[in-house]
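K.L.:
Sequence:
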Amino acid sequence: MASSGTSEVVKRDVKDKEHKKDDKNDGFIEKVKDFIHDIGEKIEEAIGFGKPTADVAGVHIPHINLEKADIVVDVLVKNPNPVPIPLIDINYLIESDGRKLVSGLIPDAGTIHAHGEETVKIPVNLVYDDIKNTYDDIKPGSIVPYRIEVDLIVDVPVFGRLTLPLEKTGEIPIPYKPDIDLEKIKFQRFSFEETVAVLNLKVENKNDFDLGLNSLDYEVWLSDVSIGGAELSNSTKIDKNGISYIDIPITFRPKDFGSALWDMIRGKGTGYTLKGHINADTPFGAMNLPISREGGTTRLKKNKEDGGDDDDDDDEE
5 MASSGTSEVV KRDVKDKEHK KDDKNDGFIE KVKDFIHDIG EKIEEAIGFG
55 KPTADVAGVH IPHINLEKAD IVVDVLVKNP NPVPIPLIDI NYLIESDGRK
105 LVSGLIPDAG TIHAHGEETV KIPVNLVYDD IKNTYDDIKP GSIVPYRIEV
155 DLIVDVPVFG RLTLPLEKTG EIPIPYKPDI DLEKIKFQRF SFEETVAVLN
205 LKVENKNDFD LGLNSLDYEV WLSDVSIGGA ELSNSTKIDK NGISYIDIPI
255 TFRPKDFGSA LWDMIRGKGT GYTLKGHINA DTPFGAMNLP ISREGGTTRL
305 KKNKEDGGDD DDDDDEE
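Take 5 as the starting number for the sequence shown in this note's numbering and just add one per residue.
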């Protein structure tokens, strides 16, 4: 029995010594860590190393049409260190109401110069069909909120690899082409060889944002015969979901229409096609939007000086 007790005492002594040894090892490791940390701080203070900073300087839409929007995110990165730092990766995500619209990775994005700052441009291509096919409730003509998340991954001496998270919120449009209608054609000067007329266009803005019309180019067909086209500078504001009327001049030769000419002279409905583009300013930048109308019907009216009645009440179909 005494021998058993002695054995237990010896085991306890051995365990105590092992614990003390482990404690000493742990203490030594902690001291080494503290020493390395202190050395790192001293090196940082002596040489001037510090963590870089980044901020979203702006979000631009340099190009937008009915199919897509090209977005550029400007990120200002400042490097306080005496050596250049590589920008290893850029991760980005654009979401709307918690739903992903687009994401991507840009590897090897460049280098930030020592004691300098760089504006890093992150190009993002937002394809509207991808969005509309994924989310049925996002309709053409609407404005959707967005949130951009950007992670910049840099490699900094002393600190190692760091991730700089950024985010920015805003709104982006899903544009819709304006609806147009050729209300009537008014003669300014009529002859079979050359007729000068004014086309009265009704333009309906089907977007949830204003259109500041700057110019439009167009071509018009009456009874399947082209009467020409032109580019017109016309500064007109079309309110969101609003309607505006535009008069555009045109010159054509009625004799080119053959038998359809007599239908025009009698004031019967004349089939027309109109195609072109409008260039407009919007809160989101300039847009070049197509306009088109095929299979429409309009009427020709002569001015009073040419023997016609210019009463708008007679122009209704």
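Hint data in this document are derived by calculation from the structure and do not stem from the laboratory.
Beta carbons are placed, not taken as given, at the ideal position from N, Cα and C, and that holds for glycine.
Heads up, a few of these hints could be off.
FRET-style restraints, in silico, Cβ to Cβ [to be verified]:
| id | residue 1 | residue 2 | range |
| --- | --- | --- | --- |
| 1 | 299 | 233 | 15 to 21 Å |
| 2 | 235 | 61 | 56 to 62 Å |
| 3 | 139 | 249 | 34 to 40 Å |
| 4 | 88 | 140 | 44 to 50 Å |
| 5 | 290 | 109 | 29 to 35 Å |
| 6 | 208 | 108 | 56 to 62 Å |
K.L.:
Each hint: holds or not?
P.N.:
Hints, one by one, checked against the model:
1. Separation of residue 299 from residue 233 is about 18 Å and conforms to the stated range, judged on CB atoms against 15 to 21 Å.
2. Between residue 235 and residue 61 the beta carbons are some 36 Å apart, a value that contradicts the proposed interval 56 to 62 Å.
3. Roughly 35 Å separates the CB atoms of residue 139 and residue 249, a value that falls within the hinted 34 to 40 Å.
4. Taking the beta carbon of each, residue 88 and residue 140 are about 48 Å apart, inside 44 to 50 Å as hinted.
5. Checking the proposed 29 to 35 Å range against residue 290 and residue 109 shows it holds: the Cβ atoms sit about 30 Å from each other.
6. Separated by about 37 Å at the C-beta atoms, residue 208 and residue 108 break the suggested range of 56 to 62 Å.
Going through the hint list in order, the structure does not satisfy hints 2 and 6.
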